[in-house]
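Undergrad: This is what each chain is made of:
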Amino acid sequence: MLKVTVDLDVCQDHGQCVFAAPDVFTLDDNGRLAYVASPDEALRADAEDAADVCPLQAIRVEG
Amino acid sequence: MASVESAASEASAGIAVVGASLGGLRAAEQLRAAGWEGPVTVYGDEPHRPYNRPPLSKEVLAGEATAAATALRHRPSIDDVTWRLGAAVESADLTARTLTLADGSVHAYEGLVAATGVRPRRLPLPGGPPRHVVRTLEDSVALRAELGDGVRVLVIGAGFIGCEVAATARKVGCEVTVVAPEAEPMTLAVGEELGRALRRRHEARGVRFRMGRLVAELGDECAVLDDGSECAADVVVEAVGSLPNVEWLGASEGGTPGLGPDLTDGILCDAHLRIGGLPHAVAVGDVARFPNPRYGALARRVEHWSMPADCARHAARVLVAGLRGEAHGLAPFAPLPSFWSDQFDLRVQSFGLPGVGDRAELLEGDAESVEGDVVYGYYGGERLVGVVALGGSKAVALAGRYRADLMELPDGLDLSPSWGSLPAL
Ligand SMILES: Cc1cc2nc3c(=O)[nH]c(=O)nc-3n(C[C@H](O)[C@H](O)[C@H](O)COP(=O)(O)OP(=O)(O)OC[C@H]3O[C@@H](n4cnc5c(N)ncnc54)[C@H](O)[C@@H]3O)c2cc1C
Chain U
1 MLKVTVDLDV CQDHGQCVFA APDVFTLDDN GRLAYVASPD EALRADAEDA ADVCPLQAIR
61 VEG
Chain L
1 MASVESAASE ASAGIAVVGA SLGGLRAAEQ LRAAGWEGPV TVYGDEPHRP YNRPPLSKEV
61 LAGEATAAAT ALRHRPSIDD VTWRLGAAVE SADLTARTLT LADGSVHAYE GLVAATGVRP
121 RRLPLPGGPP RHVVRTLEDS VALRAELGDG VRVLVIGAGF IGCEVAATAR KVGCEVTVVA
181 PEAEPMTLAV GEELGRALRR RHEARGVRFR MGRLVAELGD ECAVLDDGSE CAADVVVEAV
241 GSLPNVEWLG ASEGGTPGLG PDLTDGILCD AHLRIGGLPH AVAVGDVARF PNPRYGALAR
301 RVEHWSMPAD CARHAARVLV AGLRGEAHGL APFAPLPSFW SDQFDLRVQS FGLPGVGDRA
361 ELLEGDAESV EGDVVYGYYG GERLVGVVAL GGSKAVALAG RYRADLMELP DGLDLSPSWG
421 SLPAL
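Protein chains in written order, with full-length UniProt numbering: chain U, 1 to 63; chain L, 1 to 425.
If you are wondering where the hints come from, they were derived from the structure by calculation, not from laboratory data.
Note that the structure is a prediction, hence the values are computed from the model and not measured.
For glycine and all other residues, C-beta sits at the position ideal for the given N, C-alpha and C.
Be careful, since some hints might not be right.
If we take Cβ atoms under 10 Å as the criterion, some of the chain U residues that face chain L in the derived model are [unchecked claim]: (1) Lys-3; (2) Gln-12; (3) Asp-28.
Here chain L stands alone, though its shape is the one from the complex (with noise of 0.2 Å):
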C-alpha cells in the first residue's frame, strides 16, 4: 500500500521546467503536444511571465514598443501550468529528482528541462561611466533612460546585441562609437566580408568603430584603449558574450562527484538533448550545447532565438517518452539553425551555420554599396553550409534561393529514426 501511495505521489509531481523564458515556454507548450497530460511547474527567477528578447536592444530601447509589447503569447494546451515566477532554482539532485529553491523549499519532478538560457558577461574592469548591459526588461529600460540628443554612448562588443544597441543608440541622437578586439563587426558570426560590408553601412549611418582594440581602463567619462588613446564616454554599454547559466546543476547535492553533468560552456548534451544521457532530464535553448550532426560532432551551444523552440520540439518528444518507459523514435536532433538582426533599416538574416565554413562568397549583391541587397554563401569545402542576407526583405527572398543546398545532408550521415535502446531509469 505504501509503495502505490508513494509511486502516486511521485506520478503527480510532474515535469519541472527551470526558466521562463522562451525555452521554458516553449517546452510547456510541446510537453503537451507530445501528449504529457500531467503537471508541468515552471520555475523563472525574473518576476515576469515569458517575454520576448529582441526587441530589448531595438523597438523598446529605441522607445517605440512599450514593455508590455514583449510578451510572449502561449498556446491554450498550457493554461494550467503552474508559473513560480521569481522563484529562482538554486540547485538541482539529478538522483533524487528534486529542486531546491532560492527560499530553500524542495520540490519534487518526474522529468526536468532546464531552460535556465545565459546572462551578459561582465568586464573585469573597475570603475566607469554608468554601466548597462542588455539581457532583461530592467536592463533595456535602465539603458533607454540614458539615450538622448548627443548622449555619448561607448559600446564595447560588436557582436550582434553590440551592433544593434550601437544603431538603436544612433537612431534616437547619441553618438556611438563600437570598440571591439576583431577586425569587423559581428565576425564571429558572418565572417569577415560581410562584417565589413556591415561596418560600412554603420559607419554611413554614423556610428564610429575603432576596430581591433581593448578597452584598457575606465576613467569618469572615458575609456582608455589598450593603444593609449581616450574614448570620451558619458554611458558604457557592455555586450561582450554571455555566460550560461549552470551553477544550479552543478550544486548537485547528493549526485556523484565526477559523474555530474558536464557544464562546460552549458549544458552538454547526447544527440537527443537529453543531460548526461538521462532518461528524465533534457536541456533547450541558449544553455544546452548539443551536437548538430548536420555540422560534424563538435557539441556547440547556439544563442539564436529559434533555437528554443526546434530544441523543445525534439526535447519534449524524448522526455515524455523517456518517462513512460518507451523509446522515441527519433532521429538525432539536426536542427538547421538561423537568426536574425535588425540594425538600423537594414536587417542581417542568417541560415545554417556559417562559422563552421572555411570560406565566404558572394552570391548576390554588390559588396562595396551602402545599400542594397547581398547575400553571402560559407562554404565547409564544396559543401554550402551558411547563407547570410543583408539588406531588406528582398535579400532574405534570394537567400530563400538556397535552402535546398543548405538543407542538404553531409555524404553519408544518415538521420533516419533511431528507435535505439533505452537506458533504465
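Chain U with its partners taken away, still in its complex shape (with noise of 0.2 Å):
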C-alpha cells in the first residue's frame, strides 16, 4: 500500500508538493501543511514528484 511521511520538524513549508501533489499535499490557510498519509495508488507519480521537488528532502513515498 502506498505510503507517505512528512519529516514535519524538517519540512518548512515552500510548497512544492502540493503544487506537484494537491491531492495528496495541501498547506491551510495559516501555511501549515497537511497531508494524506495513504493515498490511492492512482497518485503515486505525484507523490514521487513531490518527494522530488521538496527542498528539504522531508518526504518519503514507501510501500
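Relying on the hints, combine the two individually framed chains into one complex.
TA: Structure representation (C-alpha cells):
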C-alpha cells in the first residue's frame, strides 16, 4: 500500500509538494502542511514527484 | 562472431551522465525508474558526491549548517551507479559516442545525459578587494571565512543569489551594499513591483542599495561606480549571472562542423529535451535550453532547483525509449516552473514564469508594508502566467489558490501524448 510520510520537523512549508501533488498535500490558511498518509495508488507518480521537488527532502514515499 | 562481440561490448557501455550534481543525480534515478537496467556512469568534475546548492548562500554561508549537511540523498535504485568524481569531461563525440576526459582517457557510451549546469560569470574588471562568487561548496566556505561583524561587503548584482548573499551577510553582522544596474532587485525574476517591496524589506533590515548603477572600477578597499561615487568594501561578491558549461560538447572531434548541437546560451533541446534531435542524447537542468509550450515556442534556460527533477523524469523516459528503438509516447515537456528564495525571514516563492507576463497585479496583501504577506499575479494578456508570494508560508498558501489558473494551458495547446515517428539511430 502506498504510504506517504513527511518529517514535519524538517518541513519548511515551501509548498512545492502542494503544486506537484495537490490531491496528497495541502497548506492550510496558516501555511501549515497537511497530507494524506495513505493516498490512492493512482497518486503514486504525483507523490513521488512531490518527494523529488521537496527542497528539504522531507517527504518519503513507500510501499 | 566479431560483430556480435562488438554489439555486446557496445551494449555494456551504458549511459553516461555528465555532471554530478542535482541534475545528474535525478537523471540516474529516473533512468532506473524508466526501466534502464544497464550500466550508468556519472562523471563529475567536482570532488564531491551531489550536494545541495541552495544552502550555500543561506545556512552554510551563515555558519548555521555544515558542508556535510548539504549532501543530497539518493534512491537505493542507483546504488550500483559508477561515480567518476574529480573527472572533468573535456570533449564528447556525439557521432562515435565517446567521451574524452581531462586525463586523456576515452570512454564509450550508448546514451548521454548532459547535466553540466552553469558557472558564475565574472566581471571583466581587474583588481579590487578579495573577490568571491558563490556556486560551489568551496566558494561558500571561503566567503564565510571573510564575513563578520562590521565587515564591509559589496555585493555586485541583485538577482536571487546577490539578494540572498546580501541578506545572509547582513544577518551575520556585515555592512552590506548591493550595486546593480536594474531599477529594483530581482526584476528579471519577479518584476519591479515585487522587487521594490523586497528592496524596502531589505532596507528595513539594514541592507543598502545602489540601484541603477554599474561598477566602473575596483580599487584596494573600494569600488568606483559609473556616476563617479565610491563605495567602500573589504570584500566583493560577484553575483552577475552565469555561463552554461557547454564547451565540452562543442569540442566534438569527428563531429560534422556546422552540424554540432546549438550551444548558444546552453544546450538547445527539442520538445523532449533531446540534443540536436538525437535519440541517444538528452540534457537536463540549468544547462538545458528547451521550449516550454506552456509559454510559447521560444526555448529558454530555467535555473531553478526544481527543474532538474522535472527534466530528468521526462528526459530519462525519452532516452531509454530512444535507445531501445521504441516510441516514448510522451506529450511535449511542459513543466510548471517554480523557485524559492530565502532572504532574512522572508521567502520569495514563485510558480509559473512571471517573466513572460506583460503586467503584474497585486493579488493579496499590502504592497507598502515592510512586514506581512503579499502575492502578485503576472499576466500575459488575460492569462495568468505566474504567481509570486513574498512573506512566510501563509503567502505560499495564498499563492496555492491560483494553482488551477496557472496550470491552465493557452488556448489551442494540445498536450496529449505524441507517439510520433522516431529518428533512425
Ligand atoms: C548559491 C546558490 C543558491 C541557490 N538557491 C536556490 C534557491 O533558493 N531556489 C532555487 O530554486 N534554486 C536555487 N539555486 C539554483 C539551483 O541550485 C540550480 O538550479 C541547480 O543546482 C541546478 O542543478 P544542475 O545539476 O542542473 O547544475 P549544477 O548544480 O550546476 O551541476 C552541474 C555539475 O556539473 C559539473 N560539470 C560542469 N562541467 C563539467 C564537465 N565538463 N565534466 C564533468 N562535470 C562537469 C559542475 O561542476 C557541477 O558539479 C541556487 C544556486 C546556487 C549556486
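Undergrad: Would you settle whether the hint for Asp-28 of chain U is holds or violated, based on the nearest Cβ-Cβ distance to chain L being less than 10 Å?
TA: 7 Å, holds
Undergrad: Just to be careful: measuring from the Cβ of Gln-12 of chain U to every Cβ in chain L, is the smallest value less than 10 Å?
TA: 8 Å, holds
Undergrad: Under 10 Å is the threshold here; is the Cβ of Lys-3 of chain U close enough to any Cβ of chain L for the hint to stand?
TA: Result: violated, 16 Å to nearest chain L Cβ.
Hint compliance for this structure: hint 1 is the single one not met.
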